[in-house]
Structure formats: structure tokens, C-alpha cells
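In order, the protein sequences belong to chains A and B. Residue numbering for the first sequence follows my numbering, starting at 33 and increasing by one per position. Residue numbering for the second sequence follows my numbering, starting at 937 and increasing by one per position.
Read the hints as simulated data drawn from the structure, not as lab findings. Among the hints, a few may not be true.
Unchecked claim - Below 20 angstroms or equal to it, Euclidean Cα-Cα: the simulated EDC-like pairs (lysine to aspartate or glutamate) are: (1) B/K1016 to A/E202; (2) B/K1026 to B/E1012; (3) B/K1155 to A/E202; (4) B/K1070 to B/D1325; (5) B/K1181 to A/E191; (6) B/K1028 to B/D963; (7) B/K1155 to A/E191; (8) B/K1327 to A/D167; (9) B/K1329 to A/D245; (10) B/K1155 to A/E199; (11) B/K1005 to B/D1030; (12) B/K992 to B/E1010.
Note that the coordinates shown come from a computational prediction; the quantities given were computed from them, not determined experimentally.
The chain contents come next:
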Amino acid sequence: MSVELLNFIETVLNGLMSGVMYSLVALGFVLIFKASGVFNFAQGVFALFAALTLVGYQTGQVPFAHLINELFGTNYHNWYASMPNFLAILLTMVTMIALAWIIERLVLKHLVNQDPIILFMATIGLAFALEGVGDLMWGSDVKVLDVGIPSGGSVWLEEATIGLAAEGSEYYGMYVDVLNIWATVIAVILVVSLALFSQYTKTGRALRAVADDHQAALSVGISLRSIWILVWAISGFIAMVAGIMWGTESGVQFSLSLIALKALPVLILGGFTSIPGAIIGGLLIGVGEKLAEIYIGGYFETGALENWFAYVMALVFLLFRPQGLFGDKIIERV
Amino acid sequence: MRIKQLLIGMTATVIAVSSYVEMAIADLKFPMLVYRTGAYAPNGIPNADGFVDYYKMINARDGGIGGEKIFHPECETGYKTQVGVECYEKNKKDAMVFQPMSTGITYQLIPKATADGVSIYSTGYGRTSAANGKVFKWVFNAPVTYWDGASIAVRHILKQNLGNIKGKKIALVYHNSAYGKEPIRTLETLAKKHGYKLMLLPVDHPGQEQKATWLKIRKARPNYVLMWGWGVMNQVAIKSAASIKFPMENFIGIWWSGSENDVLPAGQGAHGYKSLTFNAPGSNYQVHADIKKYVHDKGEASGDGSHFGTVLYNRGLFQAMVQVEAATVAQKIHGTSKITPAMYRDGFENINLTAKRLEELGFKDFAPPFKITCENHGGSGLAAVQQWDAKTKKWNMITEYMYGDSDVVQKLIAEDSSKYAAEQKIAERCN
Chain A
33 MSVELLNFIE TVLNGLMSGV MYSLVALGFV LIFKASGVFN FAQGVFALFA ALTLVGYQTG
93 QVPFAHLINE LFGTNYHNWY ASMPNFLAIL LTMVTMIALA WIIERLVLKH LVNQDPIILF
153 MATIGLAFAL EGVGDLMWGS DVKVLDVGIP SGGSVWLEEA TIGLAAEGSE YYGMYVDVLN
213 IWATVIAVIL VVSLALFSQY TKTGRALRAV ADDHQAALSV GISLRSIWIL VWAISGFIAM
273 VAGIMWGTES GVQFSLSLIA LKALPVLILG GFTSIPGAII GGLLIGVGEK LAEIYIGGYF
333 ETGALENWFA YVMALVFLLF RPQGLFGDKI IERV
Chain B
937 MRIKQLLIGM TATVIAVSSY VEMAIADLKF PMLVYRTGAY APNGIPNADG FVDYYKMINA
997 RDGGIGGEKI FHPECETGYK TQVGVECYEK NKKDAMVFQP MSTGITYQLI PKATADGVSI
1057 YSTGYGRTSA ANGKVFKWVF NAPVTYWDGA SIAVRHILKQ NLGNIKGKKI ALVYHNSAYG
1117 KEPIRTLETL AKKHGYKLML LPVDHPGQEQ KATWLKIRKA RPNYVLMWGW GVMNQVAIKS
1177 AASIKFPMEN FIGIWWSGSE NDVLPAGQGA HGYKSLTFNA PGSNYQVHAD IKKYVHDKGE
1237 ASGDGSHFGT VLYNRGLFQA MVQVEAATVA QKIHGTSKIT PAMYRDGFEN INLTAKRLEE
1297 LGFKDFAPPF KITCENHGGS GLAAVQQWDA KTKKWNMITE YMYGDSDVVQ KLIAEDSSKY
1357 AAEQKIAERC N
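Could you build all of it, start to finish, from the sequences and the hints given here?
Quick look at the structure:
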């Protein structure tokens, strides 16, 4: 095989893996949008908050320690040295469920029947508030997140592919980060679980009913508020998974909230209401931006296509298919 | 009743505001443009803490500068250029000096501060050609500039290759902003001089995703990678380099890509990573002892005091020390403790931080001596290389402080500043 072809395959593979990471963030958006019609701008901050909380539990950090010490002249920082990963993840899940409940009680409950733009604005406020609370609770330092997921280039793949190149050619084997392989496996498990949950459980069916038609669901006795709490809790859980993956890659820090911006083009491509759309959209964006950076990046003086090419793809889609690949068709009756 | 309460409230507010304003007028005002929030907060906080702790120590130990207390209001920029300019406008009245802590903000403030008569001190960042004091009267960027930094990195590579790097490949991974683009011109000029191939790899803000960049590096196999990064970009780059098994001892960051924050998330993978620096790491200096005694032990530490002795905290101490020294020199020159912003600038232009003076200030062996003159606002141009030891989690200085390629750098500075002078119709001074 030619080195060029092998490099192309490597770029596509890495693009697909990056796409999975974007899809993890986009999934949370889709779930909430489907069930409540809210475009949750705070989804990126959810991921950040979940990752901060997880590291906080893992390392035994006292929440709001800085504030407490400032107010009472104390010197609390940690109340235990470490916590097993499993327990810390479980506690973070409980925290995210509690957060969903608080959001429903304090924000959503008061905005029922408001215009989508009002709900959207509320989530912008929520994003700022939650980022501030996260800062106060856990501090702004870069935190190292390690839940035991291996990372680094896959030696196995490198060795298995090094012999594929034509003899005498300069080829070093294919590179894929093990962390991304894990992210892919976890994303597949997550999507299958979500599909099974929504297809085969009573609550899942209720969730789909609410997504299809709020009024009809209410008329058959489905509690809208319980479903909203459930959906926000599930999306909090997905945010935690995304936070773990992204946080393991770059350390947990406040720039993590900006990953939400990467989910926007994914949603435009895949559609705001489709779970498969979020996955396919993520994969397309991932592959598209990696190919663009590597194969046409050199022709642009400003470079850094990897970060803005996704938006160009989204713009093209908006022109020709505004509902995205799998989104509900927009029909306006006059 | 309500009107009475309202009046009391308003009176209290007026008293509070006027006392704040009065304090600003009476003291030496050193406004701080900080970023304690947002994507770059992990770097902004330790740096700002270093500044604040130093100012507090001077106020507590010496009663201020020449008896004048330091007033250091903070304005949060979030590393956003537009907000930084707003912060400047809000705080410029009676301000001695601004430290923008962002090359983007510095570029915007240079013409404004020049018109307003306020000094700008961009310590080892900002517009490199501002080192030419003949053109940039109000701007100082000592002790070393980005162009010095680029040439010092190349000099270090030259030393490792016995002076011959012809045909070698050097990649520059840079923050796609005014800051990250600064070294390009120097590296291109040096590439012509030494015959190496330069590969330019921009990374957009914030730099969370760099997979394609590092795939390119893996394919191109450059001999060395230089990095002009900030914030999460540094952490992701170092982790990515470790992931593709790039030899870390051949990966060299600028001094803003060499803090503990940058290397810790990569764990053992960051072992051997190098960065330039113009100040020493650690907390065993007299200035640290004084800060502990006069600030931390009294419960007055900025933040939670956890950044004490880290690279960026120490950089904040150094930056604050230079700013305070400029005021001390200005007071001596003009024979008054109540200096004006114009007098302060005179002080800045006559700073002479000899080894003896650094020792007096508690900074013995902390940074190399340097001097600022009318012509040279860029200082000594000295920087050293430090290397990260992931086992002990410490930075170790592995070279002496060294000069860059002054022939190349000075020529570029003269070219760029002359162009600026022509555009802005500035007559050269110091003749």
C-alpha cells in the first residue's frame, strides 16, 4: 500500500475518533432539545462541572473551601486523600441528578410555555451561573483527571500497520490514541443503552412521547416535570462522560466549557432532534476538519483549519438542508 | 421611612466611592489587568497572585514606595482584547503603569497609552519592536523579547548540534493570535541564516483540539518543535507530543509555555520537556521569605496562597518588582515621593537592576541583571532553558542565561519600529 493512502486512512480514523468526542457533547444537546424544546447552551459547562466535581471527589477537595476559609478564617482544603474512581463517578452522577432537579425547580418550572428564545436565554444565564459556582466550589486550577483510562498512541496498531507500506518507503505505522478508542467504545455503549432505554422501558417510552408531543403526553398522564428532570439528569450523565474524556485529554480546566462550541456544527449537520444524527454529524465534522487541516491547510495563510472548518461545513448545510441530515423537516403552514 | 433608608444608603455609597477615589489619588496607582476567570484563568491567577502579594509585602514591610502606598485595583479582562481596552479606559486616570498580560491588549494600548502619557510594561511579551525606546517612548518590554526568545531557542538547538543545523526541520506550533505570530519573522530570518527548514503550525484559540497538527508533526518528523502557546493549548500540545512519542528534550516552549500547569496533566509523558525562562523557579529566595512573613503569615495571601513559588507566581513577583523599582528610581530622579505618570516613565527609563540591586530587593540569583535606557526598552535579552522533571515534579535550569542573535534581532527591531514611526509620524528621540 502506498504511504499516501495509509496516511489518508490514518487521518480519516483519527477524524472519526475526534468526531466521537464531539458527538458525546452533542448527544446531551439533542436529548434535552428533543424532550423539552430547549437548546441547552449550558451543556459544555455541564461537562466542565461534572469533570470538576469528579476530580473534587477523587481528591477529597472541600467544596467552596476558598470561600469558607475567607469567611471564617479557617484553613480547610482536603478532607481525605483519595476516593476510589468507581465511588467518585457514582457520587458525581448523584450530583448531576441533583443539579438537574435544582435546574427544574429553579429555572424550568418558571418558564413553562415561554418562547424557545426565552428558554435559550435562560440556559445562557445558567451556563454563566454554573461556571461561577464551579469556580467557587472547586477553584480554577488545571486539574489532572485520571480514572484509569489509558491514553497515548496505540503501540499495537502502530506495529500491526508498519509493514503495510511498500518496501523501502518511510512509514512509521498508524497512529490512534488509545483514549479515543475507549471514547468510541463508551459512546457506542452509551448510544445502545439510550436506544434500549427509550425503546423498551416505560419511562423511556414516556420520554419519547413527551419528545413527540408535550400536550398529548400530558393528556395521558405523563408528568412533564418528572420527564424534564429525567432528561436533564441523563444529559448531565452524558456531560460527565464527555467531561471525563475531554478532561483526561487536556486536564480539567475552564476552557473545557468551550467544547460546546464544537457541538454546534455537529448539531447543524446531524439535526437537533436526532440521536443518530448527533453521532453521524460528529463523525462527519471530525473527519472533515482533519482532512481539511492536513490536505488543504497549507493553502491558507491563516491556517488552523482544524478549528474553523467545521463551521464552514455547517454553513453549507444550513444553505441546502437547514434541518440537518436527520432532523425533522421544517414545515411552515401559512 | 423608605426615602430615609434610600438617602442613608445613597450617602453611604457616596462616602465609600469618594474614599476609594481619594485613595487612588493619594497613593501610587498600579492598575492590574487580570484574568482570574475564563479559559486562561489557570495561568492568570498565579501571575496575578504574585503581583498582589508583592505589592502587599511592599506596603506592609516598607510602608509603600518611598512612603507612598501602592494602590492596585484589579480589572478582569478574561484575556479578551476588547475588555482589556475597556479596563484601561476605566483605570487610566493617575495610573503609573499598565501590565496588559496579553499581546493582543498590548498592541491596542500602545497608541492609546502613548497619547495619554501612561507607561505600558509588557514583560517579555507584546510588540517586540517596542524595545526600541527611540520610537516607543511609553512602552517597555524588558528583560527579553519574543524575538530574543526565538533566537535563544535556535541558539540552544545550534549548541546541541555543534553549530550546524543546515537541513534540519524545526516546527513552530503557535497560538493563532498576535502573541503566537510574533516569533515567525525572526525564525524565518534565522532559517535563511542557518539553513534549517521552518514548518509553521497555527492552533486556534483555545487549542483544545490539535490532533491534525500533531499528525502533521508525526508525518513530517521535524527535529525540533518550538511552541508559542498559552493556556489549554500548552497542555494539549505537550500531551499530544508525548502521545506521538516525540522526543520531549527536542520540544521547547517559550517562557509562557513553561509553567507547572502546562506539564502536570501530561504526567510522566512530559518528562524532559523544555522551556525558556527569564526567572528562576522555586521559593527559596529572600523575597519569598519576606512575603511569607509580611503577607502570608498574617493571613493576607492573595487567593489561597497555593501558587506560592510556582513559575507564573514568581513571574508575577518579578514583574511587580520591576514596576516598583521604576517608581523608586523616579522618586530619586525627581526628588519627590509624589510622582506623576510622566515622572514614573522617567524612572522606568533609568532602571538599572544590577546583581547588587537585585540582591537588595531580595531577588539574588532570581533573574539576570538588566538595564533600561532611552534607546533600549527591551533589557538584557537574556533567557535560560529549564527542563521539567516529571519524577520530582520540578523545573530545573539546565543552561546559563544566554543572549539571542542580536545581529538579526536588532535589525528586525529597527526595521519594524521605523515602519511604525513612519505610520504614526513619530520623530525618533534619544539623539
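Hints and how they fare:
1. B/K1016 to A/E202: violated (44 angstroms)
2. B/K1026 to B/E1012: Within the cut-off at roughly 12 angstroms; holds.
3. B/K1155 to A/E202: holds (10 angstroms)
4. B/K1070 to B/D1325: violated (42 angstroms)
5. B/K1181 to A/E191: holds (14 angstroms)
6. B/K1028 to B/D963: Roughly 14 angstroms separates the two Cα atoms, so the pair holds.
7. B/K1155 to A/E191: holds (16 angstroms)
8. B/K1327 to A/D167: violated (29 angstroms)
9. B/K1329 to A/D245: violated (57 angstroms)
10. B/K1155 to A/E199: holds (17 angstroms)
11. B/K1005 to B/D1030: holds (14 angstroms)
12. B/K992 to B/E1010: holds (14 angstroms)
Hints 1, 4, 8, 9 from the list above are not met by this structure, while the remaining hints are.
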